[in-house]
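There are 2 protein chains.
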Amino acid sequence: MNSASNLRTNGERLWQSLMEMAKIGPGIAGGNNRQTLTDEDGQGRALFQKWCEAEGLAMGLDTMGNMFARREGTDPEALPVMVGSHLDTQPTGGKYDGVLGVLGGLEIIRTLNELNIKTKHPIVVVNWTNEEGTRFAPAMLASGVFAGVHTQDWAYAQEDSQGKKFGDELERIGYKGDEPVGTRKMHAFFELHIEQGPILEAEGKDIGVVTHGQGLSWVQFTLTGKDSHTGSTPMPMRKNAGLGMARILELVDEIAWSHAPNAVGAAGHIDVFPNSRNVIPGKVVFTVDFRSPDIAVIEDMEAKLAKGAKTICDLMGLGLEMEKVGGFDPVEFDETCVSAVRNAAESLGYSHQNLISGAGHDACWVNRSAPTAMVMCPCVDGLSHNEAEEISKEWAAAGTDVLFHAVVTTAEIVE
Amino acid sequence: MNSASNLRTNGERLWQSLMEMAKIGPGIAGGNNRQTLTDEDGQGRALFQKWCEAEGLAMGLDTMGNMFARREGTDPEALPVMVGSHLDTQPTGGKYDGVLGVLGGLEIIRTLNELNIKTKHPIVVVNWTNEEGTRFAPAMLASGVFAGVHTQDWAYAQEDSQGKKFGDELERIGYKGDEPVGTRKMHAFFELHIEQGPILEAEGKDIGVVTHGQGLSWVQFTLTGKDSHTGSTPMPMRKNAGLGMARILELVDEIAWSHAPNAVGAAGHIDVFPNSRNVIPGKVVFTVDFRSPDIAVIEDMEAKLAKGAKTICDLMGLGLEMEKVGGFDPVEFDETCVSAVRNAAESLGYSHQNLISGAGHDACWVNRSAPTAMVMCPCVDGLSHNEAEEISKEWAAAGTDVLFHAVVTTAEIVE
Numbered sequence: 001m002n003s004a005s006n007l008r009t010n011g012e013r014l015w016q017s018l019m020e021m022a023k024i025g026p027g028i029a030g031g032n033n034r035q036t037l038t039d040e041d042g043q044g045r046a047l048f049q050k051w052c053e054a055e056g057l058a059m060g061l062d063t064m065g066n067m068f069a070r071r072e073g074t075d076p077e078a079l080p081v082m083v084g085s086h087l088d089t090q091p092t093g094g095k096y097d098g099v100l101g102v103l104g105g106l107e108i109i110r111t112l113n114e115l116n117i118k119t120k121h122p123i124v125v126v127n128w129t130n131e132e133g134t135r136f137a138p139a140m141l142a143s144g145v146f147a148g149v150h151t152q153d154w155a156y157a158q159e160d161s162q163g164k165k166f167g168d169e170l171e172r173i174g175y176k177g178d179e180p181v182g183t184r185k186m187h188a189f190f191e192l193h194i195e196q197g198p199i200l201e202a203e204g205k206d207i208g209v210v211t212h213g214q215g216l217s218w219v220q221f222t223l224t225g226k227d228s229h230t231g232s233t234p235m236p237m238r239k240n241a242g243l244g245m246a247r248i249l250e251l252v253d254e255i256a257w258s259h260a261p262n263a264v265g266a267a268g269h270i271d272v273f274p275n276s277r278n279v280i281p282g283k284v285v286f287t288v289d290f291r292s293p294d295i296a297v298i299e300d301m302e303a304k305l306a307k308g309a310k311t312i313c314d315l316m317g318l319g320l321e322m323e324k325v326g327g328f329d330p331v332e333f334d335e336t337c338v339s340a341v342r343n344a345a346e347s348l349g350y351s352h353q354n355l356i357s358g359a360g361h362d363a364c365w366v367n368r369s370a371p372t373a374m375v376m377c378p379c380v381d382g383l384s385h386n387e388a389e390e391i392s393k394e395w396a397a398a399g400t401d402v403l404f405h406a407v408v409t410t411a412e413i414v415e
Numbered sequence: 001m002n003s004a005s006n007l008r009t010n011g012e013r014l015w016q017s018l019m020e021m022a023k024i025g026p027g028i029a030g031g032n033n034r035q036t037l038t039d040e041d042g043q044g045r046a047l048f049q050k051w052c053e054a055e056g057l058a059m060g061l062d063t064m065g066n067m068f069a070r071r072e073g074t075d076p077e078a079l080p081v082m083v084g085s086h087l088d089t090q091p092t093g094g095k096y097d098g099v100l101g102v103l104g105g106l107e108i109i110r111t112l113n114e115l116n117i118k119t120k121h122p123i124v125v126v127n128w129t130n131e132e133g134t135r136f137a138p139a140m141l142a143s144g145v146f147a148g149v150h151t152q153d154w155a156y157a158q159e160d161s162q163g164k165k166f167g168d169e170l171e172r173i174g175y176k177g178d179e180p181v182g183t184r185k186m187h188a189f190f191e192l193h194i195e196q197g198p199i200l201e202a203e204g205k206d207i208g209v210v211t212h213g214q215g216l217s218w219v220q221f222t223l224t225g226k227d228s229h230t231g232s233t234p235m236p237m238r239k240n241a242g243l244g245m246a247r248i249l250e251l252v253d254e255i256a257w258s259h260a261p262n263a264v265g266a267a268g269h270i271d272v273f274p275n276s277r278n279v280i281p282g283k284v285v286f287t288v289d290f291r292s293p294d295i296a297v298i299e300d301m302e303a304k305l306a307k308g309a310k311t312i313c314d315l316m317g318l319g320l321e322m323e324k325v326g327g328f329d330p331v332e333f334d335e336t337c338v339s340a341v342r343n344a345a346e347s348l349g350y351s352h353q354n355l356i357s358g359a360g361h362d363a364c365w366v367n368r369s370a371p372t373a374m375v376m377c378p379c380v381d382g383l384s385h386n387e388a389e390e391i392s393k394e395w396a397a398a399g400t401d402v403l404f405h406a407v408v409t410t411a412e413i414v415e
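As you go down the protein sequences, you meet chains Z and S in turn.
All residue numbers in the first sequence are consecutive under the working numbering, ending with 415.
All residue numbers in the second sequence are consecutive under the working numbering, ending with 415.
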């Protein structure tokens with residue numbers, strides 16, 4: 001890499017491509033609505049494919065619609081280094097979440113072609129289908145099938161809110177390929193992504209070196225009290241499910257803090273029934289989200305909450321049901337790949353720090369199939385899954401340069 | 001009253017009329033959907049009018065659609081004793097809330113006619129328009145206009161969720177009268193109503209003698225934090241509006257208990273935004289309902305909550321807005337009328353206790369215009385505003401007998 005350490009990708013070209021892609025499936029507030037397997041997703045894929053073909057890449061397409069744009073290496077035996085993320089967006093999503101990782105991969109190829117640099121290992125730019133999971137649950141669906149987490153039949157049968165099936169919609173937009181999903185071997189996988197959190201910006205760092213992905217536990221609570229009139233029910237005769245929820249939320253916060261600094265906990269989803277100003281809530285359904293990079297911590301938090309919630313509900317005469325509605329184990333990324341990212345940031349002179357990814361990413365599943373690491377760049381105010389999501393051109397360029405150096409180091413430049 | 005103390009209304013006849021009225025605007029689960037100014041309300045009014053005319057009563061109708069069915073007294077100078085409640089229901093309401101008070105009044109007339117009893121004062125059975133307030137806000141609208149709490153123009157302009165105006169709908173169903181609202185004088189007003197709370201049943205009492213109506217304060221809170229990802233936002237960087245709401249709900253409970261036994265407090269309405277499992281709530285809107293029969297207590301509770309909520313939000317970095325969205329002063333019913341109710345229960349041998357009405361009732365507004373009292377009977381499990389609302393035939397009969405004796409004592413039987 002000595003001879004390569006001065007190499008840079010073209011940040012202007014990358015930014016132009018990001019802006020070009022953002023024209024497809026525009027949102028209503030400056031962001032994007034390019035949900036998976038919509039016509040707009042099809043148009044976004046076609047543009048990516050056109051750009052890849054212009055660079056002489058061979059496009060592969062698997063039965064889950066994952067796209068693999070391949071630049072050959074010099075060694076026919078060498079497994080490819082893969083790089084990528086996703087082009088689909090939230091319904092009111094930003095222009096960079098996922099897209100930066102795919103077009104950053106493409107920018108690597110453009111730079112290599114422009115400079116006529118050869119690598120021993122092939123380099124493959126990937127667009128994973130349905131990372132967002134808002135149209136078809138769950139998130140990271142196609143990388144999950146690729147990694148053997150879900151079956152393809154199950155994925156095909158997932159329905160959107162209109163009752164349309166994933167498999168049918170994949171076929172409809174013309175991106176159901178013949179290559180059996182998960183059969184493609186790789187040497188390593190790198191994913192560049194915006195942080196979707198506030199840490200890098202707050203710390204003034206250019207680059208996040210992602211060492212772990214947080215494990216997740218989603219437990220849905222249903223508290224059952226008694227609907228009754230807020231005026232005519234004396235305090236001692238109330239079974240206020242809303243108050244029970246309040247006490248459990250306080251406990252969630254206490255438990256998460258007790259595992260500082262890496263554990264987090266909150267409830268984002270809260271539904272109160274009947275939700276009328278003059279009726280004491282007879283039922284509240286809410287989901288507690290606990291995360292930690294340590295599975296033992298997650299299990300400890302779940303156990304403490306289950307015990308504490310039972311005590312609260314027993315004292316208040318409330319019914320309590322808990323259902324685990326989601327979860328994944330913490331991820332530890334590959335040491336060699338993580339070092340490649342850290343070394344790239346270091347050699348390029350970018351400030352950097354280790355990060356634990358709080359959100360799920362395709363890399364978290366792919367890590368089960370191949371050595372994997374992630375690069376993160378800051379995003380303004382930590383805002384993501386929002387049309388106002390913003391990054392600077394410099395952040396995008398720095399992240400892509402680090403991705404480039406990590407990838408070409410791993411793919412081995414042929415001098 | 002000595003000669004009258006053995007008189008009883010006809011509980012079977014009353015029950016049959018309740019069941020007959022319940023056939024109009026049936027609900028989907030055994031109750032009723034006869035919302036104000038719908039075709040079904042018109043049909044309910046017509047049936048009431050037919051029954052009144054069969055008893056020889058003269059029907060008056062005011063410009064707010066309030067119906068006044070009058071049985072003449074022997075003294076042309078004497079002001080009428082009025083008795084009644086409302087025939088409109090919640091969208092998923094019960095068969096007794098309101099209806100018992102109107103048909104209980106009619107049963108008094110039927111009994112007096114059957115026994116050929118004359119009273120010095122006329123007796124007028126009233127059906128107040130739009131007590132429920134679910135189709136056109138607020139509740140107790142027409143009794144409020146009658147009592148001068150609201151203007152008629154404002155009431156006419158109230159719109160339902162389809163944008164239809166109260167005044168137009170009143171005209172459409174044919175119940176906009178010519179008599180100017182609020183001009184009708186009265187000697188006294190009595191309202192029989194189901195308790196809509198659990199006290200009488202729990203205490204094993206037949207009759208509630210309502211001495212006060214609780215005052216109400218509705219304050220709507222808007223807490224503003226920051227939407228952010230539940231995974232990628234470290235605990236110290238969160239502004240969790242949901243957690244702020246939880247802390248304020250706990251404070252509401254503490255404050256209400258500090259004014260035991262008569263004060264109550266809770267939040268029935270809670271909306272969390274964006275209400276997604278993986279987004280820390282950036283905004284929560286909820287309404288705190290405080291009630292007490294003592295205005296000083298209500299003011300103290302409001303002040304303590306405002307101060308405590310500010311401390312909570314300041315510590316958490318949350319924005320706080322408070323808006324008073326509803327309220328009425330406590331009501332003290334007329335001592336003479338209340339005594340008439342208590343004496344009636346006593347002389348009829350029914351167990352009874354004083355009650356503070358936690359819910360609002362037409363009687364709370366009419367009390368501003370004339371000496372007023374209320375009789376309450378138990379309801380099963382305190383359940384109301386629910387199709388499963390239930391009372392026993394015996395409870396209805398006992399309440400109506402007490403109403404009857406209170407009314408005829410006040411209207412003065414002419415021997």
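These are calculated hints, taken from the structure and not from any lab test.
By construction, the Cβ of each residue, glycine as well, lies at the ideal position given by its N, Cα and C atoms.
A couple of the hints might just be wrong.
Far from chain Z by the CB rule (all over 12 Å, computed), these chain S residues [said to hold, decoys possible]:
#	residue
1	167
2	171
3	183
4	291
5	306
6	357
Just a sample of chain Z residues kept apart from chain S, beta carbon distances all over 10 Å, derived [stated by the list, open to error]:
#	residue
7	54
8	55
9	111
10	172
11	183
12	228
13	233
14	235
15	266
16	281
17	289
18	295
Taking CB as the label site, the calculated pair distances span [claimed, not checked]:
#	chain 1	residue 1	chain 2	residue 2	range
19	Z	306	S	16	50 to 58 Å
20	Z	306	S	174	46 to 54 Å
21	Z	327	S	168	53 to 61 Å
22	S	310	Z	59	28 to 36 Å
23	Z	306	S	347	53 to 61 Å
For the pair residue 327 of chain Z and residue 168 of chain S, does the Cβ-Cβ distance stay inside 53 to 61 Å?
holds (55 Å)
Non-interface claim for residue 228 of chain Z: all C-beta distances to chain S beyond 10 Å?
Contrary to the label, residue 228 of chain Z does not stay out of reach of chain S, its closest Cβ about 6 Å off (not over 10 Å).
Range hint 46 to 54 Å (beta carbons of residue 306 of chain Z and residue 174 of chain S) holds or violated:
violated (60 Å)
Cβ separation check - residue 183 of chain Z to all of chain S, threshold 10 Å
Nearest chain S Cβ is 31 Å from residue 183 of chain Z, so the label holds.
Non-interface claim for residue 171 of chain S versus chain Z (Cβ beyond 12 Å):
holds (29 Å)
Least C-beta distance from residue 183 of chain S to chain Z larger than 12 Å:
The claim stands: residue 183 of chain S keeps its Cβ more than 12 Å from every Cβ of chain Z (closest is about 31 Å).
Interface-negative label, residue 167 of chain S against chain Z, beta-carbon threshold 12 Å:
The claim stands: residue 167 of chain S keeps its Cβ more than 12 Å from every Cβ of chain Z (closest is about 25 Å).
28 to 36 Å as the expected CB spacing between residue 59 of chain Z and residue 310 of chain S, which holds or is violated:
violated (59 Å)
Far enough from chain S: is every CB of that chain over 10 Å from the CB of residue 266 of chain Z?
violated (5 Å)
Would residue 54 of chain Z pass as off the interface with chain S, using Cβ distances and a cut of 10 Å?
holds (35 Å)
Take a look at whether the Cβ-Cβ distance between residue 306 of chain Z and residue 16 of chain S falls inside 50 to 58 Å.
Given range 50 to 58 Å: holds, Cβ gap about 53 Å.
Is the nearest CB of chain S more than 10 Å from the CB of residue 111 of chain Z?
holds (29 Å)
When each numbered hint is compared with the structure, violations occur for hints 4, 6, 12, 13, 14, 15, 16, 17, 20, 22.
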